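Build out the structure end to end from the sequences listed, making use of the hints.
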Amino acid sequence: MCRWPGPTAGGPLSCIQRKETDMKHKKIGLIGVGLMGHGIATNIARHGHPLSVLEHEGNQPLDGLKAAGVSTCVSAKELAAAVDVLLLCVTGSPQVEAVLLGDEGVLQGMRKGTVIIDCSTAIPASTERLAKVVAEAGGRFMDAAMTRTPKEAAEGRLNLLVGADEALFDECRPLLACFAENITHCGPVGSGHRMKLLHNYVSLGSVSLIAEAAACAQRAGVAPEVFVDVLSKGGGGGTALERLKPFLAQQDPSGLRFTMANALKDLGYYTAMAQDSQAPHTIAEGVRQTLAQAVESTGGQRLLPELVAVLAARDAA
Numbered sequence: 004m005c006r007w008p009g010p011t012a013g014g015p016l017s018c019i020q021r022k023e024t025d026m027k028h029k030k031i032g033l034i035g036v037g038l039m040g041h042g043i044a045t046n047i048a049r050h051g052h053p054l055s056v057l058e059h060e061g062n063q064p065l066d067g068l069k070a071a072g073v074s075t076c077v078s079a080k081e082l083a084a085a086v087d088v089l090l091l092c093v094t095g096s097p098q099v100e101a102v103l104l105g106d107e108g109v110l111q112g113m114r115k116g117t118v119i120i121d122c123s124t125a126i127p128a129s130t131e132r133l134a135k136v137v138a139e140a141g142g143r144f145m146d147a148a149m150t151r152t153p154k155e156a157a158e159g160r161l162n163l164l165v166g167a168d169e170a171l172f173d174e175c176r177p178l179l180a181c182f183a184e185n186i187t188h189c190g191p192v193g194s195g196h197r198m199k200l201l202h203n204y205v206s207l208g209s210v211s212l213i214a215e216a217a218a219c220a221q222r223a224g225v226a227p228e229v230f231v232d233v234l235s236k237g238g239g240g241g242t243a244l245e246r247l248k249p250f251l252a253q254q255d256p257s258g259l260r261f262t263m264a265n266a267l268k269d270l271g272y273y274t275a276m277a278q279d280s281q282a283p284h285t286i287a288e289g290v291r292q293t294l295a296q297a298v299e300s301t302g303g304q305r306l307l308p309e310l311v312a313v314l315a316a317r318d319a320a
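Convert by adding 3 to the 1-based position in the sequence shown; the result is the number in the working numbering.
Because the hints were derived from the structure by calculation, they are not lab data. Please read all numbers here as calculations on a predicted model, not as lab measurements. C-beta: ideal position from N, C-alpha, C; glycine also. A few of these clues could be false.
Stated by the list, open to error - No more than 27 Å apart at the CA atoms, straight line, and that leaves these computed lysine-lysine pairs for BS3-like:
#1 Lys69 to Lys154
#2 Lys27 to Lys154
#3 Lys30 to Lys154
#4 Lys80 to Lys69
#5 Lys135 to Lys268
#6 Lys80 to Lys30
#7 Lys236 to Lys135
#8 Lys268 to Lys248
#9 Lys30 to Lys135
#10 Lys30 to Lys115
#11 Lys154 to Lys236
#12 Lys80 to Lys27
#13 Lys135 to Lys115
#14 Lys115 to Lys80
#15 Lys69 to Lys135
#16 Lys80 to Lys154
#17 Lys80 to Lys29
#18 Lys30 to Lys69
What the hints assert, rightly or not - Derived CB-CB ranges, DEER-like:
#19 Arg114 to Gly51: 18 to 26 Å
#20 Asp168 to Ala282: 21 to 29 Å
#21 Gly289 to Thr94: 18 to 26 Å
#22 Leu104 to Cys219: 42 to 50 Å
#23 Ala282 to Ser257: 31 to 39 Å
#24 Thr242 to Ser74: 49 to 57 Å
#25 Pro283 to Ala128: 16 to 24 Å
#26 Arg222 to Asp168: 50 to 58 Å
#27 Val205 to Ala295: 27 to 35 Å
#28 Gly190 to Gln278: 15 to 23 Å
#29 Ser78 to His28: 18 to 26 Å
Shown next, in the form of structure tokens:
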């Protein structure tokens, strides 16, 4: 049984302390140094872990990480061969599958016992299948989906939704705590990604709903400051409105640095999960269609708060 250390200094290490000490000596790898991954990498390095990342054109600038002692590898195969724990922070299931299974991919270089931690937003059925493939190759797999934004990633304050067996969760928790404030063990492999899709449907659905209401308010002549003030003081207040506020007040979309294309991807994953579960998803399908139309008209790389302007410019069918 694990016990917290007592007040006596110099006594034997607790189980928690031993896990932290063991993890400190592990070599860590990261694939996907984008808006979220850069913050994760920064905090892992800040906590003193030996860290290597995959060189990729989609990365954020690596100068600061290299100055902090982070090394780079040119292929996923090379990186996998060099580390004990490998985190994936890529866009979604197609990218996870490609980096694990493709030419010069992770499985071609992974050593026995390596832990793969998938922090991406992914289709749970794909996650479960990949976990089996990794296990057959001698590795271990867990999903640790993220919520919050790049700001919290940089601050080391992400929320993580983990799918893993209890032993692997306990083993990896000290590493996850380097960049997460709240870590929830949701159940076995795939559970973290299921909970992430549920979370993102509620979160992105709320943002989309308020964006449509704000577009209507704009066309109806309601002042943005009045719209925000009334919602803030009533049932419309909350995180979604706070993230839209900068755009509603100043046309500044940086309150939610998440593209419409990524939002559409997540809603597509959610509706697929709902269909597989034979669960109702009428409202989710409406949100998905709204995002699909916005992506078609804008190209998808505009940030989600800009959905307000897209909808305000569109006439009702």
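Please test the hint of 18 to 26 Å on the beta carbon pair from Arg114 and Gly51.
22 Å, holds
Between Lys69 and Lys154, does the CA-CA distance stay at or below 27 Å?
21 Å, holds
Given hint Lys80 paired with Lys115 - CA-CA distance at most 27 Å
Satisfied, since the Cα-Cα distance of roughly 14 Å is no more than 27 Å.
Starting from Lys80, check that the Cα of Lys69 is at most 27 Å away, please.
21 Å, holds
Under the criterion that the straight-line Cα-Cα distance not exceed 27 Å, is the pair Lys30, Lys154 satisfied?
26 Å, holds
What's the verdict on Lys80 and Lys30, does the C-alpha distance respect the 27 Å limit or exceed it?
15 Å, holds
Is the hinted range of 16 to 24 Å satisfied by the C-beta distance from Pro283 to Ala128?
20 Å, holds
Does Lys29 lie within 27 Å of Lys80 when you go C-alpha to C-alpha?
With a Cα-Cα distance of about 18 Å, the restraint between Lys80 and Lys29 holds, given a limit of 27 Å.
Can the restraint linking Lys135 and Lys268 be considered satisfied, given a maximum Cα separation of 27 Å?
24 Å, holds
Straight-line alpha-carbon gap Lys80 to Lys154, limit 27 Å:
Given pair Lys80, Lys154 is violated - Cα atoms ~30 Å apart, limit 27 Å.
Would you check the hint for Lys236 and Lys135, treating anything up to 27 Å between C-alpha atoms as holding?
49 Å, violated
Quickly compare the C-alpha distance for Lys80 and Lys27 to 27 Å and report which way the hint goes.
23 Å, holds
Hint compliance for this structure: hints 7, 15, 16, 24, 27 are broken, all remaining hints hold.
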